[in-house]
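Number of protein chains: 2
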Amino acid sequence: MSVEKEKILVQKYGGTSVGTTERIKIVAKRIKEYYEKNFHVIVVVSAMGKSTDALVALSKEISENPSDREMDMLLATGEQVSIALLAMALHEIEVPAVSFTGSQINLLTDGRFSKARIEKIDTNKLLTALEKKMVCIVAGFQGIDLEQNITTLGRGGSDTSAVALAAALEAKECEIYTDVDGVYTADPNKIPAAKKLSKISYDEMLELASLGAGVLHSRAVEFAKKYNVILHVRSSFNFNEGTLVVPEDTDMEKLLVTAVTLKKDEARVTVSDIPDRPGIAADLFAALGDVSINVDMIVQSTGKDNLNTISFTVLKNDVLKAEKVVKELLTSWGAGGASVDKNIAIISAVGVGMKSHVGIAARMFKVLAENGINIEMISTSEIKISCVIRDDKSEEALKLIYSIFGLENA
Amino acid sequence: MSVEKEKILVQKYGGTSVGTTERIKIVAKRIKEYYEKNFHVIVVVSAMGKSTDALVALSKEISENPSDREMDMLLATGEQVSIALLAMALHEIEVPAVSFTGSQINLLTDGRFSKARIEKIDTNKLLTALEKKMVCIVAGFQGIDLEQNITTLGRGGSDTSAVALAAALEAKECEIYTDVDGVYTADPNKIPAAKKLSKISYDEMLELASLGAGVLHSRAVEFAKKYNVILHVRSSFNFNEGTLVVPEDTDMEKLLVTAVTLKKDEARVTVSDIPDRPGIAADLFAALGDVSINVDMIVQSTGKDNLNTISFTVLKNDVLKAEKVVKELLTSWGAGGASVDKNIAIISAVGVGMKSHVGIAARMFKVLAENGINIEMISTSEIKISCVIRDDKSEEALKLIYSIFGLENA
Chain A
23 MSVEKEKILV
33 QKYGGTSVGT
43 TERIKIVAKR
53 IKEYYEKNFH
63 VIVVVSAMGK
73 STDALVALSK
83 EISENPSDRE
93 MDMLLATGEQ
103 VSIALLAMAL
113 HEIEVPAVSF
123 TGSQINLLTD
133 GRFSKARIEK
143 IDTNKLLTAL
153 EKKMVCIVAG
163 FQGIDLEQNI
173 TTLGRGGSDT
183 SAVALAAALE
193 AKECEIYTDV
203 DGVYTADPNK
213 IPAAKKLSKI
223 SYDEMLELAS
233 LGAGVLHSRA
243 VEFAKKYNVI
253 LHVRSSFNFN
263 EGTLVVPEDT
273 DMEKLLVTAV
283 TLKKDEARVT
293 VSDIPDRPGI
303 AADLFAALGD
313 VSINVDMIVQ
323 STGKDNLNTI
333 SFTVLKNDVL
343 KAEKVVKELL
353 TSWGAGGASV
363 DKNIAIISAV
373 GVGMKSHVGI
383 AARMFKVLAE
393 NGINIEMIST
403 SEIKISCVIR
413 DDKSEEALKL
423 IYSIFGLENA
Chain B
23 MSVEKEKILV
33 QKYGGTSVGT
43 TERIKIVAKR
53 IKEYYEKNFH
63 VIVVVSAMGK
73 STDALVALSK
83 EISENPSDRE
93 MDMLLATGEQ
103 VSIALLAMAL
113 HEIEVPAVSF
123 TGSQINLLTD
133 GRFSKARIEK
143 IDTNKLLTAL
153 EKKMVCIVAG
163 FQGIDLEQNI
173 TTLGRGGSDT
183 SAVALAAALE
193 AKECEIYTDV
203 DGVYTADPNK
213 IPAAKKLSKI
223 SYDEMLELAS
233 LGAGVLHSRA
243 VEFAKKYNVI
253 LHVRSSFNFN
263 EGTLVVPEDT
273 DMEKLLVTAV
283 TLKKDEARVT
293 VSDIPDRPGI
303 AADLFAALGD
313 VSINVDMIVQ
323 STGKDNLNTI
333 SFTVLKNDVL
343 KAEKVVKELL
353 TSWGAGGASV
363 DKNIAIISAV
373 GVGMKSHVGI
383 AARMFKVLAE
393 NGINIEMIST
403 SEIKISCVIR
413 DDKSEEALKL
423 IYSIFGLENA
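Here the protein sequences line up with chains A and B, keeping their order. Under the working numbering, the first residue of the first sequence is numbered 23, with each subsequent residue one higher. Under the working numbering, the first residue of the second sequence is numbered 23, with each subsequent residue one higher.
Pulled out of the complex, with its shape left as it was, chain A reads as follows (with noise of 0.2 Å):
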């Protein structure tokens, strides 16, 4: 018997969805259903819940730095509890199921611990066990290196594993469970009426995921769209389709913008009064990347006197550490002033249509400037126009811009 790949199906559950016990025999009941309709079920898992960050703490106990090598040896545990645990689910509702670790289908990754990237998956056991109609249970997150050294993908490292999967085994299609039913066209929380969109570009997506959708990894994507791998994220808690996140079509480009989001975790570091010369930039942006710190949005401006001003953003966490970065640059310059604004929020609509229809950034500006909303800083893509705003206007800005989209009848 050889394997059909039309019916090849990858499913990735994350970390909420096999959070307790009770949780993985409901995603063992699911994966069921999939089997009996002769599906070749793969399934990537997380690890449970909060393990890994009990197994980061356990570490700190011992070491605020330890060595990478050492804490992807410490954090793949955690993946390799959830698959032992989800076999056993299976086979306790009795479908055949086999759990491997990322050392068990060879899934090499260059040697970056704790950030390593795929570079070859080994499918002959995983066939081998389709084959004999089993369910494969992978461990996400992991892999080895060329050494046999343990190594992990960083954040949202299960998606990656997935994705990554479901290209090598050409199937069908790859389903990330979240505990949301899909993306919406604006976060339901803030605007009840979100849509949840059938379907989405990578690029959006991609934008979305940098914005903080936080449904999906930007790595993952990336991955899809590079393997054209078709993407379906969906909620565990149920059988709703969710969205689909596919190569771009016509269709999507009949649409001005497809969602817009609102960002409050960053805050804005401001960097004035600095001499205009080259290699400023560079050294600032290399001082902070030093210490990994992200940053997101920069603006630069030239002021007076061949002085410049440089804003940017971070996550609110990282902002007393990229304020003492940029203290010890001014000191070395000799030159110079920084203050920080925590009270900011980031405004973004995203959307293929903006290729090829003009004038979206200006009706977006117009509307915020029409209701009394001072724009700060603003940033764009092809397919992304982002604005800093002030904290306590965004909750309006967003659904001023929601509703100047046409959003509401998407």
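Among these hints, one or two may not hold up.
Chain copies aren't distinguished; within one or between two, either way the pair holds.
[Unchecked claim] Once the Cα atoms are required to be at most 20 Å apart in a straight line, the calculated SDA-like pairs of lysine to any residue come out as: (1) Lys-47 / Glu-86; (2) Lys-51 / Glu-86; (3) Lys-82 / Glu-116; (4) Lys-54 / Tyr-249.
Note that these hints are calculated values from the structure, not bench results.
Assemble the complex: chain A is given as a structure, and chain B must be docked to it using the hints.
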């Protein structure tokens, strides 16, 4: 640079020794002392304290009878957590160290999940790391089979891992760290004057291990005997010399008895009035083996009318299960009766001196008789005598036997 075999030291730390992160730090400091004396240290660790129990409990929430393969997959994570944390603790005090799972050193076993036997160990990775002056930390209790399935070695598995590594590396010594100072002439909790033995033979240790002295598992001792590995049983809480487990020498034979033990965790099952025909005993013990009940002492006697009585002891925890098996057999035989007695104790004297001295058993029986202690079952080996007596007389019996063999002057 090559690795001098004479300087290879294998150390095994059990679950209590690495029960908390504080204890792990203490173990790391201890390892550092040996490392700084230029030993090539290979450390084998068990899972932290009760973590294996916690994993078992988790599996029970899902299945009463989980698959052995998935159980091994689950349990192996316990040791993996320990090795990562211990490596971090060593780094923290500037000792270069690297951790290895059973899979990573290709610790090959047969495919009998939950009770696998070690077949081969690849020492290349370990020797390479030792050459680089690194401490190697190996996950005890686990290996892989030819298909790369994760296997575990059963009870006392980490001891066996340590001995197997010591044998494969031709190490100077294999230190087994535990929470007691070594092997005693009797349980110091019961005989406060009990003395620590400076050395003991493999065979004596085997008898003591099976008598529940608890410091070392029989399989590890058998392995050590087979490969002539010197074991050193000692405490991880101090630097006292412990007990060496070594090949028998003539000195040892001068002593009549090396140690006495008392076991109170067994119960006796008596099967009476059963037909005296071939195969009856075989049927009985095969049926008990089928449900994984370990039988310790067995005594058979022939009564009147060609009817037999067979008495045997099993762990108190297993006695109800054993009784059930027996009653089913009695039904199929259409004859006999069964009774259970939980108020027994097994007292034993062990010593290689028994081989060369006559009358030891007689002295033991005599002192018990003189003190009105009835012997209900007797079982002997070349170097051991065990008697079943009433539970409430057992502490008294222990003291009498300890004294009659002059152990207070040993």
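Structure-based check of each hint:
1. In this assembly of identical chains, Lys-47 and Glu-86 lie within 20 Å of each other by CA distance solely across copies; the values are 14 Å between and 36 Å within a copy.
2. For the identical chains of this complex, Lys-51 and Glu-86 are inter-copy neighbours only, at 18 Å across copies versus 41 Å inside a copy, given an alpha-carbon limit of 20 Å.
3. Taking identical chains as interchangeable, the C-alpha atoms of Lys-82 and Glu-116 lie at most 20 Å apart only when they sit on different chains, with a minimum of 17 Å there against 41 Å within one chain.
4. When the C-alpha separation of Lys-54 and Tyr-249 is checked against a cutoff of 20 Å, the pair qualifies neither within a copy, at 28 Å, nor between copies, at 49 Å.
Of the hints listed earlier, the one the structure fails to meet is number 4.
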